[in-house]
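Produce the entire structure from the sequences given, and follow the hints as far as they go.
Per this note's numbering, the sequence shown starts with residue 7, numbered consecutively.
Take these hints with a grain of salt, some might be off.
Taking lysine-lysine pairs in the DSSO-like style, the calculated list, with each CA pair at most 30 angstroms apart, reads [as the list claims (entries may be wrong)]: (1) 56 with 113; (2) 56 with 95; (3) 122 with 98.
These are calculated hints, taken from the structure and not from any lab test.
Computed from a prediction, not measured in an experiment: that's the story for all the values here.
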Amino acid sequence: IRDSDKIDKKKPLLFICGNQRRDELPDILKANNISIRELIVYDTVPKQFKDNENPFDQTNRNPNWVAFFSPSGVNNIVDQFPLKKNFWKGIKVAALGSTTANALKQKGLAPHAVAKNPNSQSLAECILSYDRLNTSF
Numbered sequence: 007i008r009d010s011d012k013i014d015k016k017k018p019l020l021f022i023c024g025n026q027r028r029d030e031l032p033d034i035l036k037a038n039n040i041s042i043r044e045l046i047v048y049d050t051v052p053k054q055f056k057d058n059e060n061p062f063d064q065t066n067r068n069p070n071w072v073a074f075f076s077p078s079g080v081n082n083i084v085d086q087f088p089l090k091k092n093f094w095k096g097i098k099v100a101a102l103g104s105t106t107a108n109a110l111k112q113k114g115l116a117p118h119a120v121a122k123n124p125n126s127q128s129l130a131e132c133i134l135s136y137d138r139l140n141t142s143f
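Structure representation (structure tokens):
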């Protein structure tokens with residue numbers, strides 16, 4: 007961490023997060039002798055879909071793309087809509103970063119596009135880039 011020597015290390019940094027946060031940021035802070043006080047302010051609770059409910063099918067057709075923003079989203083959706091049911095056939099999958107991409111791969115679903123940076127602009131760019139390179143006219 008650049009300029010960590012300028013941080014008042016007598017007081018902890020308040021780390022606001024959810025119950026499924028990754029250890030990466032707290033570990034980096036602690037490695038730089040920055041004490042943290044963690045405050046969990048929300049829990050990730052997966053939505054349970056009914057047996058006949060398809061959250062993607064609002065117009066009697068599946069979407070072109072599904073974008074995943076977190077490993078917990080991957081786990082929830084892929085567990086409820088497994089690969090063996092051909093549910094994912096013809097749907098392209100995008101991931102917001104390598105952690106989410108790895109979660110998709112662990113579930114057996116290879117992402118078509120992975121955002122280089124964890125923001126909406128990067129996600130949109132990787133999806134558009136994939137479509138430009140893989141669309142024939």
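Against the structure, the hints come out as follows:
The straight-line distance between the Cα atoms of residue 56 and residue 113 is roughly 21 angstroms, inside the 30 angstroms bound, and the hint therefore holds. Note on residue 56 and residue 95: the hinted pairing holds, with a Cα-Cα distance of about 21 angstroms set against a maximum of 30 angstroms. Proximity of residue 122 to residue 98 is assessed by CA-CA distance (about 17 angstroms); at most 30 angstroms being required, the pair is judged to hold.
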